[in-house]
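Below, each chain spelled out in residue letters.
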Amino acid sequence: MALFRCEEMALYQLFLQSEAAYNCVGEMGEIGLVQFRDMNPDVNAFQRKFVNEVRRCEEMERKLRFIEKEVKKEAHINIPNNVPDLKQVPAAREMNELDNQLEKLENELRELLSNQEQLQKNFLELTELKQVLLRTSIFFQEADSTRFAAAARDDREHEEGEALLDVEGGASGGVAGGGTNKLGVVAGVIKRELLGAFERVLWRVCRGNVFLKHADIEEPLTDPTTGDSLLKCVFIVFFQGEQLGNRVKKICEGFRATLYPCPEQTAERREMLKGVEARIADLQVVLDQTLSHRTRVLESAAANLPLWFVKVRKIKSIYHTLNLFQVSQKYLQVQCWIPITDIPKIQAALDKGTSDAGSSVPSVLSQVPTKEQPPTFNRTNKFTEGFQTIIDAYGVSSYREMNPMPFTVITFPFLFAVMFGDCGHGLIMALFAGLLIWKEKDIIAAKSKNEIFMMFFGGRYLIFLMGVFSIYTGILYNDLFSKSMNIFGSQWAIPQDVAKTLAGYSDNTDTVELDPKDSFKDKAPYPFGLDPIWQVADNKLDFLNSFKMKLSVILGVMHMLFGVVLSLLNHTYFRKPLNVIAEFIPQVLFLGGLFGYLVFMIIYKWFAFDYTNSASAPQLLITFTDMFMLSAPDDELYSGQYTVQVIILLVGVACVPWMLFVKPTVLYMRHRNPAAGLTFKNLNNLAGDDGEGTEGLISNDELDRENGIGGDDHVISPDTHGAHSSNGNAPGAGGHGGGHGDDDEEFDFGQIMILQAIHTIEFCLGCISHTASYLRLWALSLAHAELSEVLWSMVMSIGLSYDSVFPGILILPPIFAAWAVLTLAILLLMEGLSAFLHALRLHWVEFQSKFYHGEGHLFTPFSFKHIVENPLED
Amino acid sequence: MGAAFATFCIWILMTVFWALIGVAVPLIIPEKIENRRLIQTMLLLTSVSCYTFWLCIFLMQLNPLIGPELEIRTAQAIVEEWQS
Numbered sequence: 001m002a003l004f005r006c007e008e009m010a011l012y013q014l015f016l017q018s019e020a021a022y023n024c025v026g027e028m029g030e031i032g033l034v035q036f037r038d039m040n041p042d043v044n045a046f047q048r049k050f051v052n053e054v055r056r057c058e059e060m061e062r063k064l065r066f067i068e069k070e071v072k073k074e075a076h077i078n079i080p081n082n083v084p085d086l087k088q089v090p091a092a093r094e095m096n097e098l099d100n101q102l103e104k105l106e107n108e109l110r111e112l113l114s115n116q117e118q119l120q121k122n123f124l125e126l127t128e129l130k131q132v133l134l135r136t137s138i139f140f141q142e143a144d145s146t147r148f149a150a151a152a153r154d155d156r157e158h159e160e161g162e163a164l165l166d167v168e169g170g171a172s173g174g175v176a177g178g179g180t181n182k183l184g185v186v187a188g189v190i191k192r193e194l195l196g197a198f199e200r201v202l203w204r205v206c207r208g209n210v211f212l213k214h215a216d217i218e219e220p221l222t223d224p225t226t227g228d229s230l231l232k233c234v235f236i237v238f239f240q241g242e243q244l245g246n247r248v249k250k251i252c253e254g255f256r257a258t259l260y261p262c263p264e265q266t267a268e269r270r271e272m273l274k275g276v277e278a279r280i281a282d283l284q285v286v287l288d289q290t291l292s293h294r295t296r297v298l299e300s301a302a303a304n305l306p307l308w309f310v311k312v313r314k315i316k317s318i319y320h321t322l323n324l325f326q327v328s329q330k331y332l333q334v335q336c337w338i339p340i341t342d343i344p345k346i347q348a349a350l351d352k353g354t355s356d357a358g359s360s361v362p363s364v365l366s367q368v369p370t371k372e373q374p375p376t377f378n379r380t381n382k383f384t385e386g387f388q389t390i391i392d393a394y395g396v397s398s399y400r401e402m403n404p405m406p407f408t409v410i411t412f413p414f415l416f417a418v419m420f421g422d423c424g425h426g427l428i429m430a431l432f433a434g435l436l437i438w439k440e441k442d443i444i445a446a447k448s449k450n451e452i453f454m455m456f457f458g459g460r461y462l463i464f465l466m467g468v469f470s471i472y473t474g475i476l477y478n479d480l481f482s483k484s485m486n487i488f489g490s491q492w493a494i495p496q497d498v499a500k501t502l503a504g505y506s507d508n509t510d511t512v513e514l515d516p517k518d519s520f521k522d523k524a525p526y527p528f529g530l531d532p533i534w535q536v537a538d539n540k541l542d543f544l545n546s547f548k549m550k551l552s553v554i555l556g557v558m559h560m561l562f563g564v565v566l567s568l569l570n571h572t573y574f575r576k577p578l579n580v581i582a583e584f585i586p587q588v589l590f591l592g593g594l595f596g597y598l599v600f601m602i603i604y605k606w607f608a609f610d611y612t613n614s615a616s617a618p619q620l621l622i623t624f625t626d627m628f629m630l631s632a633p634d635d636e637l638y639s640g641q642y643t644v645q646v647i648i649l650l651v652g653v654a655c656v657p658w659m660l661f662v663k664p665t666v667l668y669m670r671h672r673n674p675a676a677g678l679t680f681k682n683l684n685n686l687a688g689d690d691g692e693g694t695e696g697l698i699s700n701d702e703l704d705r706e707n708g709i710g711g712d713d714h715v716i717s718p719d720t721h722g723a724h725s726s727n728g729n730a731p732g733a734g735g736h737g738g739g740h741g742d743d744d745e746e747f748d749f750g751q752i753m754i755l756q757a758i759h760t761i762e763f764c765l766g767c768i769s770h771t772a773s774y775l776r777l778w779a780l781s782l783a784h785a786e787l788s789e790v791l792w793s794m795v796m797s798i799g800l801s802y803d804s805v806f807p808g809i810l811i812l813p814p815i816f817a818a819w820a821v822l823t824l825a826i827l828l829l830m831e832g833l834s835a836f837l838h839a840l841r842l843h844w845v846e847f848q849s850k851f852y853h854g855e856g857h858l859f860t861p862f863s864f865k866h867i868v869e870n871p872l873e874d
Numbered sequence: 001m002g003a004a005f006a007t008f009c010i011w012i013l014m015t016v017f018w019a020l021i022g023v024a025v026p027l028i029i030p031e032k033i034e035n036r037r038l039i040q041t042m043l044l045l046t047s048v049s050c051y052t053f054w055l056c057i058f059l060m061q062l063n064p065l066i067g068p069e070l071e072i073r074t075a076q077a078i079v080e081e082w083q084s
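Protein chains in written order, with the numbering used here: chain W, 1 to 874; chain R, 1 to 84.
FYI, nobody ran anything at the bench for these hints, they're computed from the structure.
You can trust all of the hints, since none of them are fake.
No farther apart than 27 Å at their CA atoms in a straight line, the calculated lysine-lysine pairs in the DSS-like style are these: (1) W/Lys249 with W/Lys121; (2) W/Lys104 with W/Lys72; (3) R/Lys32 with W/Lys382; (4) W/Lys345 with R/Lys32; (5) W/Lys540 with W/Lys517; (6) W/Lys87 with W/Lys345.
Incomplete in silico selection of chain R near chain W, CB under 8 Å: (7) Thr7; (8) Ile10; (9) Trp54; (10) Cys56; (11) Leu59; (12) Gln61; (13) Asn63; (14) Pro64; (15) Pro68; (16) Gln83.
Backbone N, C-alpha and C fix where the C-beta goes; we use that ideal spot for every residue, glycine too.
Looking at chain W on its own, in the form it has when it is part of the complex (with noise of 0.2 Å):
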């Protein structure tokens, strides 16, 4: 089925009509379950034959991304986020219609950009002029007005007035003698940096002999094109003589300042300004038309901006798989993996295509048989996908081996709580997580791209699991924010005699001991969780690592189990006793027996020794190490327990050699003896090959099964039992395929004999290291415990210790402040992630290698969805 494998994939070959051929390909896009071949590998980018609707949709992907930031420059436009997706394939006449489109609005738009630039350069134009018209006024109003008067003359910029000389003369520091009598002026606008730069320029270039008055200006004006606001200032220059006047207009070039022409007479300056006032007002109508017919333009084109996006992505990206295939006169064709059971969906969705392009031809699916490994389709849906997501980051599983994600949904999250294991930081971490899931239909809308929080959202329902899963081993390690609850009352009493004798101390740190011959005599045990009183206990933490060392060699051992059992059902599915025989039984042997035997003892001490006689209770490290080195045990969990043990090391060690030599033997005779080895082949060679598509199949999976056995040795791979090339299918009986398939293939009997001592090696030494390995799941909840008991004795003690109201209530909320904070950052977020590490490299090292190979490759079909879900993503 497929949830516990991936899906079968076939290889089938596709002809589509020319004409169709657009249609169909659309319609493999929005099923998504197609993934194609690229039928011609070197064929240049440039050389393919759709080459040129593929540049069309990329300038029409230019022409949105200009409207796009035209639109993004007035904020005030938004531009819809969710946009639903209509499933459809855009006609390819569709292509026509929105090139054209855009480029109209592409056109409209520079138009009316080029246009507003111009008016905003005269507005600005105008807009200094007006500001150098009132500020020179004021220049000349300072010098003589009645000398201007008489001296009124010509139509160029000379101002006359000796008097000018004489009023500004002492302030010019000298003035050239000789020359006309005539005072130059050049008014204009600087930019307020440059003013003092440009004075200095002056003052040295004409030698002192010119004037330099300005006047800033108050209001920042903006720059047409960069749309910057700048600050200016006016300035007005008085020199004598045409080559001073000459110099100055130079200098002013090189800053940049815009000569204005400035009438010096009071009447001409102010009916100047009255017109540039009047056409200052007519320039802004102009201005707000202009601006708001370009609003306009862009708020209907920002509707539908999201919409266009999606189109020429969806046409764009179909043109690129029209691209692989294979192109002839009539008709285009190409390979692709399907998944078998979607087949008739596939179908369908071609049918439409061919219908929807008016064509009468329909399209062919037909079926290639192939050797190849096809490439790995888990189907995931919204809850499945965060566990898969983190299966196939230490790598994908081969083609129909067991996926681990299934039982990952569970065994994660539980190894996450044993070593997370408080109520109180797992209820917090439940409710995050459902907050998240509770609100994922606006989240997913909201299409955050902050990348942190979109990989907690990704793994919310994993972060529920692992919250609701660590209340459950909270409740059961009694472990409330570092507080035990007692529901069901201690089993530990204190008897009577001892508390007589304690109402006589005082305020000791001393301390008394319970024996469980007189505190706990005829009691059941706490029935549901640690009792209560180990809480409060100094010698908790002997109680406690003795147990959880213990709790976690059980639990390793039954994962590892758990995992060379799948690989059992791998070897079943493939059809390979072998391995089964020669695997498979040795590793349980070895491991159940020495590991499994560990387990018992540790359940058998438990049941069989009590406080009675605790004395002779023996050490199961030591009895453990013992039973390797051949001792005989001091003290006796069991009569008997000697021969026992060295029995099970005898067949543990047994079984090195099982696994070492068998299968490399049994593979080194089959291939000297085809004739004797199994009867399948004898078979095989008589049925023949059939021509048919399906059954070429069955023979391509018979013949690698078949090979499976002799053959996949010969892949030069770190793992022997890889299911390499085996095309696996649902066993069918009589297959083809043949022995002659054992001629063709080297057998490289040093080759087989190096990896299968790899394996051996790595299997045995595995199990010791694996199994000490899974001791972190004590090392972390103990460490969860400890910090998380400091940060209550050394942060909230101190806020509930006050005796009186008065100081507490003023010191309580901020402590509690400090201390949810720490909770929080510590406990929460880094041992969170800390665990969330470790339960996963137990899951990817100690499991995994006991049965997965994960050597597959991706399935990456043709989709629209990602495109969909991006609109206007580059």
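Following the hints, complete the assembly by docking chain R onto the known chain W.
Structure of chain R alone, referenced to chain W:
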């Protein structure tokens, strides 16, 4: 005698509970539910792992070899709060 009976009662209660969740419920899930297999696997694994965990804690406390070491003040508090 009382203790052994109480122990047995607690044990049988928990075993039956997890057996129901892990074995009975998966069997009665109707065929047409979409992710039937997945739910069955999840229930089975949950019950196995949770039951094992509970069982280990329970068995460990069955015959304790050491007792808690309490500070005097804690012991006094226990006598007052939990035992009267």
